[in-house]
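Trainee: Residue numbers (the UniProt record's numbering), protein chains in the order written: chain G, 1 to 448; chain C, 1 to 120.
Simulated from the structure, these hints should not be mistaken for lab results.
Source: prediction; values computed, not measured.
Hints should not be assumed to be uniformly reliable.
Said to hold, decoys possible - Straight-line C-alpha distance at most 27 Å; calculated DSS-like pairs for lysine-lysine: (1) G:Lys419 <-> C:Lys36; (2) G:Lys333 <-> C:Lys117; (3) G:Lys265 <-> G:Lys89; (4) G:Lys121 <-> C:Lys117; (5) G:Lys96 <-> G:Lys121.
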Amino acid sequence: MAGTGGGSNDVQWCFSQVKGAIDDDVAEADIISTVEFNHSGELLATGDKGGRVVIFQQEIENKSQPQSRSEYNVYSTFQSHEPEFDYLKSLEIEEKINKIRWLPQKNAAQFLLSTNDKTIKLWKISERDKRLEGYNLKEEDGRCIDPNTVTALRVPVFRPMDLMVEASPRRVFANAHTYHINSISINSDHETYLSADDLRINLWHQEITDRSFNIVDIKPVNMEELTEVITAAEFHPNQCNTFVYSSSKGSIRLCDMRASALCDKHSKLFEEPEDPSNRSFFSEIISSISDVKFSHNGRYMMTRDYLSVKIWDLNMETRPVETFQVHEYLRSKLCSLYENDCIFDKFECCWNGNDSVVMTGSYNNFFRMFDRGQRRDVTLEASRESSKPRQVLKPRKVCAGGKRKKDEISVDSLDFNKKILHTAWHPQDNIIAVATTNNLYIFQDKVN
Amino acid sequence: MSEEIEGTKTTEETVVNDQNEMDDKVTSPEKVEEAKLKARYPNLGHKPGGSDLLRKRLTKGQKYFDSGDYNMAKAKVKNKQLPAATSEKSGGGEITGDHIPTPQDLPQRKPSLVASKLAG
Chain G
1 MAGTGGGSND
11 VQWCFSQVKG
21 AIDDDVAEAD
31 IISTVEFNHS
41 GELLATGDKG
51 GRVVIFQQEI
61 ENKSQPQSRS
71 EYNVYSTFQS
81 HEPEFDYLKS
91 LEIEEKINKI
101 RWLPQKNAAQ
111 FLLSTNDKTI
121 KLWKISERDK
131 RLEGYNLKEE
141 DGRCIDPNTV
151 TALRVPVFRP
161 MDLMVEASPR
171 RVFANAHTYH
181 INSISINSDH
191 ETYLSADDLR
201 INLWHQEITD
211 RSFNIVDIKP
221 VNMEELTEVI
231 TAAEFHPNQC
241 NTFVYSSSKG
251 SIRLCDMRAS
261 ALCDKHSKLF
271 EEPEDPSNRS
281 FFSEIISSIS
291 DVKFSHNGRY
301 MMTRDYLSVK
311 IWDLNMETRP
321 VETFQVHEYL
331 RSKLCSLYEN
341 DCIFDKFECC
351 WNGNDSVVMT
361 GSYNNFFRMF
371 DRGQRRDVTL
381 EASRESSKPR
391 QVLKPRKVCA
401 GGKRKKDEIS
411 VDSLDFNKKI
421 LHTAWHPQDN
431 IIAVATTNNL
441 YIFQDKVN
Chain C
1 MSEEIEGTKT
11 TEETVVNDQN
21 EMDDKVTSPE
31 KVEEAKLKAR
41 YPNLGHKPGG
51 SDLLRKRLTK
61 GQKYFDSGDY
71 NMAKAKVKNK
81 QLPAATSEKS
91 GGGEITGDHI
101 PTPQDLPQRK
111 PSLVASKLAG
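Please model the complete structure; the sequences and the hints are all you need to start from.
Mentor: The structure is reproduced here in structure tokens:
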């Protein structure tokens, strides 16, 4: 796989760290639901089904050396969302964190948006490493001093203290979504962001919580006529007027906010024509797009459907420029995957820093990387068995049928409960975070 | 893909739904899987990605008492069919109509008081 240096050396992925409990009995709250690096890659956030956020901070062994090993250690953890019950609609609102998005850093503090099905929250994460000592009216332990006993005044001074990282909710953006929020995306204008649910997309200002603008509404007048829902949405990385949203029917619409206030009419429609003779009961379900991500350079976008990853050139709507099969061997297992609901699993995908490699997850704790330039792909596994320090990951192979070679695994032996839905790639370096059900694996490029 | 006319050809898994189909089913794994599914669930609707499935998705989380459901359930002759497939697919969802829940019936939803094991 091409590295970020643009060299032709293959990347050798090595185990770096694993976070989370080893026991097989997974509490539902511990299921990881989102993973996201911040813009510098120094911070890595995870959200889980229990509404908790854990942030890890990178500590580099030797800062002067460009290819030093680094480690991610816990920086902050907090309860972002709590379970709620909407009595009016008799609706249970899960605390599961659907998405986390980091704001670009503007000052010493870090800000992120986290969302569950209904409410988005802006969290401020700040460090405190000094405290004031020498108050006139307060003792060190907090007791009040009687002003009448004070004979001289002193100026309080800052003294160093052990680093404390505090997370506080600064804004709560609530009551804007009737349906379940699937995406949030921060605009390159550094002022606004969008939130998307199954049928609507809203535009918010980061500072204003009591109103938002609806920019896309695909709810039909008659709900009986509902044929598709919004599955994901994202702002363009540098054009602040442009965003895309994907649908359950496999299409992506690009909208330009300059065209009109309500962007129901798309500027571009990306759809790959389907061969009608190939259509089956499963066609629409497996064409549903579970994730859409712009490339860092803003020229391409990537979509993930059940069996493949597609790269689209924003200038060509008729078909993707590249299609990668993630686990084509599952096409002959669709009946069982429908019965056990796995066919509805929503896999995410991500780009590496220079847009040359893309990554997505699969079953059996496998994840796949596709090198666009070198037209090569690899299957790797996140497992405790391959978790010795700096152990190089061995490529895996699934045997679709016929004679199984040694070291291959047959399709019927795959564990469909071990799904990798969420992966993230460091914005510059070859460091990846891969979430299994309840563990977070960090892998790095092999360092001499 | 072969275009043989299938008039008299039979296979073990032939399901009589798509008699008009000219394509050779054996060459398309998806169609084989579709046939298997239809054999197991003959009542499955013909609009898989359509209204029913999507509306189930939109009403995820709907719980407990609905007075409309309750009254309909009382008026209807009890004719309970177990849903053939699990939650996301069947047209019905949680059974909301059969009784009025009391506070004791409702499981308490408490926020996670335990710290995440990732931070451990």
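Trainee: Just pull the numbers of the violated hints for me, sorted ascending.
Mentor: 2, 3
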